[in-house]
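Novice: One-letter residues, chain by chain:
Number of protein chains: 2
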Amino acid sequence: MDFEITILGSGSATPMRGRNMSAQVVKINSEYLLIDCGEGTQYQLLKYRIPHSKINYICISHLHGDHFFGLIALLSTMNMLGRKNPLQVFGPPGLDDIITLQLRYSETILHFPVSFHVLLNDTVECIIDHEKWTVHTIPLSHRIRCNGFLIREKPKPKRLVRQGLPASLSLAQIALLKQGIDLVNENTGDTLYLANDYLLPAHRSRSYAYCSDTCYLPERFEQLHQVDVLYHESTFLEEMQIRAVETFHTTAAEAAKTALATKCSTLILGHFSSRYKELSPFLLEARALFPTTFLGTDGTTITIDERLDQDPYVHVQAH
Amino acid sequence: MDFEITILGSGSATPMRGRNMSAQVVKINSEYLLIDCGEGTQYQLLKYRIPHSKINYICISHLHGDHFFGLIALLSTMNMLGRKNPLQVFGPPGLDDIITLQLRYSETILHFPVSFHVLLNDTVECIIDHEKWTVHTIPLSHRIRCNGFLIREKPKPKRLVRQGLPASLSLAQIALLKQGIDLVNENTGDTLYLANDYLLPAHRSRSYAYCSDTCYLPERFEQLHQVDVLYHESTFLEEMQIRAVETFHTTAAEAAKTALATKCSTLILGHFSSRYKELSPFLLEARALFPTTFLGTDGTTITIDERLDQDPYVHVQAH
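Just so you know, the sequences run in chain order A and B.
Quick note on our numbering: the first sequence kicks off at 3 and runs consecutively.
Quick note on our numbering: the second sequence kicks off at 3 and runs consecutively.
Calculated from the structure, these hints are not laboratory results.
Predicted model, so just to flag it, every value in this text is computed and none were measured.
Treat the hints with care, as some may be off.
Unchecked claim - Which residues of chain A face chain B? A few of them, derived with a C-beta cut under 10 angstroms, are:
#1 22
#2 33
#3 42
#4 44
#5 64
#6 70
#7 72
#8 74
#9 99
#10 100
#11 111
#12 143
#13 320
No residue lacks a Cβ here, since even glycine has one placed at the ideal position from N, Cα and C.
Put together the whole structure using the sequences plus the hints.
Specialist: What follows is the structure, encoded as C-alpha cells:
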C-alpha cells in the first residue's frame, strides 16, 4: 500500500525559476490529499503526472498567497473537465468567501459538491477520520492563523500466515484467528490452535507531518513525537535567525532541532526564501544536527515503507 | 523606439504543458503594459526576463479565471519586492473586490498605490491617454462582460534632415521648420526656406489590437481598420464552429476573416483550446484566407518597426 508524498513547490513568498509555491500531494493507498495550493499548482500536477481528478481532500494551511492562490484555478479546471465527485476543502476562515466571490464574478457554477471546513488553530482537531487513516491539524505560530497537518495511518491488524493454516479450518475459524482469537474445542474447552502461531506482526502505521509556515515551536514537539517523516519549513539559514523570528519563520537548524526533539525518522526541508539561490547550505546546516535530512525541492518524492523489516524505510528521491 | 509584444500565455480555460494562460506584455518605448494575467503570469515574466517592476499598467479583459487568476499573485510579489511606483489596473466590475478581499484575509497592505479603473463594455472608451500613445477598449462579445484593447501611437511629427540645414539658422528658426512652418523674411515677406525641403515623412504610428475572448464580431471591423497587428483569439478550428458560437469563441478561419476585413498587416492567433495538441492546423486554416498569420505561442515576440521603408515591418519570432 502506498504512502507517498510529492513536493510540488519548495519556494516561499516570491517566485523564482524552478521553485514553485507551496503545495504537495500525499498519496495514501488510493487516496490523494493536496496540502496547500500555491499559484501554479495545477501546472505542477500536470508536470508530475498526478491526476487532480483523484484528489478528494485539500488542506490549506493559511491565507498567505503562496499557499493558496492556485486553489481557485484548480477548482475551475476540475469543473471544466467535468468533475462530479465531492471535494472537501479545509482552511482558515475566509477561504470560502474568496473562492465564492471569484466564482460569482465569473458566473461559474461548480458542477461538483465542495464542502468548506473552517479551521481555527487554537487546538488540535481531527479533520478527516478515514477508515484507515486520520488527519489532525497542527496548530502553528505564524503571522496569521496557520495550521500544519498530521496524517497518520490507523493501527493495522496482525497479518495471517495463510500457508501454514490447517486445511480443515472453516472460513469462520480463519476469521477468528485473524482477529487474534484462539480456536477452542467447544465441547472440552481445550485450545486447538493458538492465534499467535499463525499471525505476523502488523505492518507499520505510517505518519507524515507538514509544518509550514511557523516559527520554531517546541510546544508542538509532543504532538509530533516519532512521526515517520517531518516536513518542516526552513525559510532561512541560521545566519538570519533574527529575521526568522521577526517574520515567524524557521531556520534550517531550528527545523533540525525540531526533528531531533520529535525523534522523527526523516526531516524534509522546504519553503526556501528566494534570496537563497543555492540550497546545499540548508542541508549542511540541518544535517550537522539531524543527519537524515533531505531537501524537499520541486518534484521530490518521499515514500514510506510499511514493512517492518525495511531499513531504511523512508526513501527520498529528488526529481 | 520599441513597439514589441511578448506572448506569455497561449492557452485557454484548462492548462496544458507549454501553454500558459492568457497574458501578454506590450513594450512601447520605455513603458510596459500587461494585458491579461492568467495563473502563472509572474513565472512567465521571470522566464522571458521581463521586469515586473516596469509594468505600470495592467488591463484585464474579463473575469474568466484564465485571464486574471495570476493578478493577485503578481501584485503580492510586486509588494514584497518593495515596489513604490503607482500601478493602474483596468478591468471589469468586481476585480477590485476580488483583490481587496484576498489582501484583507492575508492581512496584506500594499505599499504602492493601485488605482482600479472599472471598465464596462457598452462603448469604446479611451482608458489611457499617454503623451505618445493611447489605449482604447474594444467592446467584445463573450459570455460575460469583456473588452479587448487597442494600443495606438499618436501621430508623430515629420523628421528634420539636420545635415542639409543652412548653418546660419537660429535654434528658433530650426524649431519652426521642424513644426512645418516655412521661414520668411520678416521685412519683405519673401519665403527664405520651405519647411518641406528639410523634412522627411513622419515615422509610422503603430498599433496593436488584442481581441480575446470573443465570438466572431463584424461590428468591430471598423474600429480595427488597418491596425498593424491584430491578436485574435482562435479557441477552435472551423470544424468546431458550432461549439465556438455556443461558447462565444472564434475559429481560426473567423479570426482570418476578421484580419481580412480590417486590412491589418499581421494576424496573431492565440487562446487555443487544450483539445488541440498540435497547432499547425490553425495556421493552415487561417493562412488559406490571410497569409500573414502567425501562431502566438508562449514566448513569441512581435516587433513593429516604425520606419516606413521597412518591408516587412512586422516581425514575429517564436520562442
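Novice: Against the structure, test the hints numbered earlier, and report the numbers of the ones violated in rising order.
Specialist: 2, 11, 12 and 13
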